[in-house]
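Trainee: This is what each chain is made of:
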Amino acid sequence: MNPLSLDQPWGRGYIANQTHRFVDGGPLVAEASNLYLPRGLGRSYGDVCVNDGGTLLHTFRRDRLLAFDDVHGVLTCEAGASLANIAEAMLPRGWFLPVVPGTRYVTVGGAIANDVHGKNHHRWGTFGKSVLGMKLRRSDWGSIDLKPSDTLFRNTVAGLGLTGLIEEVTLQLDCVRGPGIEQDTKLFGGDGTIDSYLALDAASKDWEYTVGWIDTLDPNLRGVFFRGRHCDGPDEWLAPQPARLTMPMDAPRWLLGAWSAKTFNALYYRAQALRTATRETIPLWQFFFPLDAVNAWNRAYGKRGFVQYQFVVPTAAARETVPKILTHLREAHVASYLAVIKTFGDMPSPGLMSFPISGTTVALDIPAPDEKDRRALDRADAMVADVGGRVYPAKDARMSAAMFQRFFPQWRELEAARDPAISSSFWRRVTASQDLQDE
Amino acid sequence: MNKTNVVVVGATSAVAQAAIRIWAQRGMELTLIARNAGELERVAADARVRGALTVATVVGDLTNTTFITETVRAMNVPRVALVAYGSLTDSARADSDAAYLVSELTANFTSAAVWAQSLAERMAADSANGGTIAVISSVAGDRGRGSNHGYGAAKAGLTAFCSGLRSRMAARRVHVVTVKPGFIDSPMTAHIAKKGALWATPDAIAKGIVNAIDKKRDVVYLPGFWRLVMLIITHVPESIFKRMKF
Ligand SMILES: Cc1cc2nc3c(=O)[nH]c(=O)nc-3n(C[C@H](O)[C@H](O)[C@H](O)COP(=O)(O)OP(=O)(O)OC[C@H]3O[C@@H](n4cnc5c(N)ncnc54)[C@H](O)[C@@H]3O)c2cc1C
Ligand SMILES: NC(=O)c1ccc[n+]([C@@H]2O[C@H](COP(=O)([O-])OP(=O)(O)OC[C@H]3O[C@@H](n4cnc5c(N)ncnc54)[C@H](OP(=O)(O)O)[C@@H]3O)[C@@H](O)[C@H]2O)c1
Numbered sequence: 001m002n003p004l005s006l007d008q009p010w011g012r013g014y015i016a017n018q019t020h021r022f023v024d025g026g027p028l029v030a031e032a033s034n035l036y037l038p039r040g041l042g043r044s045y046g047d048v049c050v051n052d053g054g055t056l057l058h059t060f061r062r063d064r065l066l067a068f069d070d071v072h073g074v075l076t077c078e079a080g081a082s083l084a085n086i087a088e089a090m091l092p093r094g095w096f097l098p099v100v101p102g103t104r105y106v107t108v109g110g111a112i113a114n115d116v117h118g119k120n121h122h123r124w125g126t127f128g129k130s131v132l133g134m135k136l137r138r139s140d141w142g143s144i145d146l147k148p149s150d151t152l153f154r155n156t157v158a159g160l161g162l163t164g165l166i167e168e169v170t171l172q173l174d175c176v177r178g179p180g181i182e183q184d185t186k187l188f189g190g191d192g193t194i195d196s197y198l199a200l201d202a203a204s205k206d207w208e209y210t211v212g213w214i215d216t217l218d219p220n221l222r223g224v225f226f227r228g229r230h231c232d233g234p235d236e237w238l239a240p241q242p243a244r245l246t247m248p249m250d251a252p253r254w255l256l257g258a259w260s261a262k263t264f265n266a267l268y269y270r271a272q273a274l275r276t277a278t279r280e281t282i283p284l285w286q287f288f289f290p291l292d293a294v295n296a297w298n299r300a301y302g303k304r305g306f307v308q309y310q311f312v313v314p315t316a317a318a319r320e321t322v323p324k325i326l327t328h329l330r331e332a333h334v335a336s337y338l339a340v341i342k343t344f345g346d347m348p349s350p351g352l353m354s355f356p357i358s359g360t361t362v363a364l365d366i367p368a369p370d371e372k373d374r375r376a377l378d379r380a381d382a383m384v385a386d387v388g389g390r391v392y393p394a395k396d397a398r399m400s401a402a403m404f405q406r407f408f409p410q411w412r413e414l415e416a417a418r419d420p421a422i423s424s425s426f427w428r429r430v431t432a433s434q435d436l437q438d439e
Numbered sequence: 001m002n003k004t005n006v007v008v009v010g011a012t013s014a015v016a017q018a019a020i021r022i023w024a025q026r027g028m029e030l031t032l033i034a035r036n037a038g039e040l041e042r043v044a045a046d047a048r049v050r051g052a053l054t055v056a057t058v059v060g061d062l063t064n065t066t067f068i069t070e071t072v073r074a075m076n077v078p079r080v081a082l083v084a085y086g087s088l089t090d091s092a093r094a095d096s097d098a099a100y101l102v103s104e105l106t107a108n109f110t111s112a113a114v115w116a117q118s119l120a121e122r123m124a125a126d127s128a129n130g131g132t133i134a135v136i137s138s139v140a141g142d143r144g145r146g147s148n149h150g151y152g153a154a155k156a157g158l159t160a161f162c163s164g165l166r167s168r169m170a171a172r173r174v175h176v177v178t179v180k181p182g183f184i185d186s187p188m189t190a191h192i193a194k195k196g197a198l199w200a201t202p203d204a205i206a207k208g209i210v211n212a213i214d215k216k217r218d219v220v221y222l223p224g225f226w227r228l229v230m231l232i233i234t235h236v237p238e239s240i241f242k243r244m245k246f
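Going down the list, the sequences are from chains A and B.
Okay, so the first sequence: first residue is 1 according to my numbering, each after it adds one.
Okay, so the second sequence: first residue is 1 according to my numbering, each after it adds one.
It is possible that part of the hints are untrue.
Stated by the list, open to error - List time: in silico DSSO-like cross-link candidates among lysine-lysine, alpha-carbon distance up to 30 Å: (1) A/LYS262 with A/LYS303; (2) A/LYS324 with A/LYS205; (3) B/LYS242 with A/LYS303; (4) B/LYS216 with A/LYS303; (5) B/LYS207 with B/LYS194.
These are computed hints drawn from the structure, not numbers from a lab.
Quick caveat, the model's predicted, so the values are computed rather than measured.
Between the sequences and the hints, there should be enough to build the whole structure, so can you do that?
Mentor: Below, the structure is given as structure tokens:
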């Protein structure tokens with residue numbers, strides 16, 4: 001499948017001067033004065049998939065499935081294959097991806113480079129855990145096969161595309177009962193804490209998938225908790241409904257303020273409350289990818305784009321710190337739609353730089369952030385750092401170099417493993433002025 | 001008998017690959033033909049993983065008449081064929097390089113016509129079943145434009161050839177579909193940076209092609225709005241048209 005834009009990341013609003021190259025299976029030739037960056041479908045929100053002044057290496061046309069062992073569910077494919085493409089081919093045979101993010105329009109290469117997580121992190125861990133092997137192409141060493149025990153494998157998973165171009169991947173798929181999800185919906189919160197969320201989550205450990213939606217603009221912090229597990233369903237569910245709607249234009253600025261966000265969130269909660277405590281069976285596409293039903297919905301946030309702020313704080317600090325950060329952002333009048341809350345499990349991540357740690361994560365969409373919003377987010381960063389948490393690079397467009405280096409002190413190891421012909425706008429931004437930031 | 005055999009000529013084209021996926025998922029028997037052996041192997045592997053019953057590959061110079069006739073003679077009788085390859089001619093180069101212009105006309109018209117003709121005869125010989133051939137022409141063939149006169153002329157020839165072939169074969173149970181896509185975001189057009197609302201993805205075009213074959217349509221514009229666009233373009237008076245820069 002094709003990306004929505006060759007230039008813009010999902011959060012949009014970038015002015016970047018980039019040239020484009022389409023990966024064709026040939027060698028990666030280093031050119032003096034030009035830096036490459038592999039790119040999948042550009043579903044990262046910010047500049048991890050932007051390379052201002054350099055060349056993007058587009059992988060989306062290298063999307064062939066190369067071999068499948070249907071006894072063990074082991075698939076080898078090109079790294080530009082989208083999860084949508086794999087799921088549609090494999091679900092009719094009873095196989096599904098063990099980990100999927102909130103959109104299926106990401107490539108396997110992109111899912112590895114950010115080591116993405118899904119609603120089943122507490123039981124499975126990250127996407128990288130299902131990678132059995134990779135073929136990596138570097139400008140200096142040519143093509144190399146990597147297995148999970150290799151150091152370069154560990155640096156490539158969550159390696160932000162910097163260690164080389166992932167060309168082929170061997171994945172372990174998951175055997176599922178059918179195309180349905182048994183979903184159970186519960187309300188939580190209303191008392192200004194996340195205690196009832198944490199209790200619900202703790203009581204739901206035997207559910208394969210758990211996630212919450214939280215109204216961060218309501219001082220009472222109410223929310224809706226979803227839990228699900230695979231189940232059978234009618235054959236029509238084997239293929240997703242094609243997206244019927246396309247966001248026709250950019251939303252106007254006045255629609256994007258705190259007032260609209262508040263109204264939107266309140267309406268959403270009301271709608272969920274009306275049908276709550278229900279158990280239902282729905283197509284898995286709808287459970288995992290509700291937002292994929294509208295093409296290019298990122299236009300809903302207007303021309304100036306938006307950022308997503310996703311942080312995680314360790315389990316011990318979650319109960320106190322999450323409400324503290326959300327209260328801080330609300331009092332600073334930062335508009336936020338559809339915040340998502342999820343508790344990660346404690347299995348170690350396979351990547352050196354993987355984002356998930358055992359603890360609670362919250363992701364907030366913030367349309368067209370202004371100076372005031374940015375200052376509020378900088379303060380939130382400090383609150384996250386103080387308890388040993390971190391902010392997710394896949395969603396980031398704004399964190400300071402100093403903060404990044406506090407969140408990920410292991411970044412120097414990735415820098416040492418970086419292909420000298422590869423860099424990104426993100427990497428240059430967060431590793432800048434390192435000497436000033438140290439100590 | 002190979003009742004489900006589908007032949008794709010130019011199987012490495014982005015549009016062809018997307019169509020092959022649809023047929024593979026339907027469990028068809030595929031014969032894939034292209035000039036690039038390495039890429040063709042990948043396309044074939046993909047089709048196998050997606051459920052094609054069998055996949056055979058043939059590698060050769062698609063513009064070579066002997067290769068065309070030999071290949072068609074040797075293959076199982078196809079029920080469906082797609083002639084997909086094509087090359088966007090560099091008009092500036094064609095202005096001064098006659099050999100290049102000839103090779104482009106051969107790729108886009110002469111050889112494609114020979115494939116369609118040979119495949120039609122092979123299908124007609126299997127009089128019990130007949131078959132359907134889809135040939136990818138282009139909206140560019142509806143009117144010659146200054147920016148791509150060579151390509152447009154070849155596609156115009158191909159469109160005319162297909163309409164004639166359709167009529168010749170009508171009584172012999174072979175159906176011909178003329179496919180006229182508009183702008184497609186594929187490797188052929190990768191050099192064009194700005195792509196607006198008129199552009200379609202190879203996936204969408206492939207869906208339209210498979211659907212047109214299933215329904216035995218005669219001429220399809222893909223997406224459909226191009227029929228209207230071309231209606232207008234073909235009605236602009238030549239005195240004005242010749243001065244238009246596009
Ligand atoms: C609606 C939505 C919901 C989302 N939900 C989640 C979620 O629940 N959990 C989560 O973890 N993420 C989520 N994300 C983020 C998304 O999953 C990641 O940003 C993902 O990495 C995007 O993949 P992509 O193919 O678009 O890659 P891009 O965004 O194009 O690139 C991402 C990174 O991968 C690198 N890369 C891409 N291909 C290769 C390759 N072949 N070789 C080497 N490096 C490569 C790039 O250099 C870049 O650093 C969501 C995004 C959206 C838009
Ligand atoms: N892209 C558009 O905007 C557009 C619009 C209207 C119609 N079309 C038509 O749609 C069809 C498919 O094109 P596409 O968009 O899928 O483009 P594509 O992916 O670039 O495919 C072009 C195919 O043609 C092959 N080819 C090119 N020159 C050749 C030659 N001289 N001899 C043999 N094979 C040759 C290529 O083979 P290799 O892989 O070996 O290079 C490739 O398989 C073509 O007929 C094209 O004319 C395209």
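Trainee: So which of those numbered hints doesn't the model satisfy?
Mentor: 3, 4
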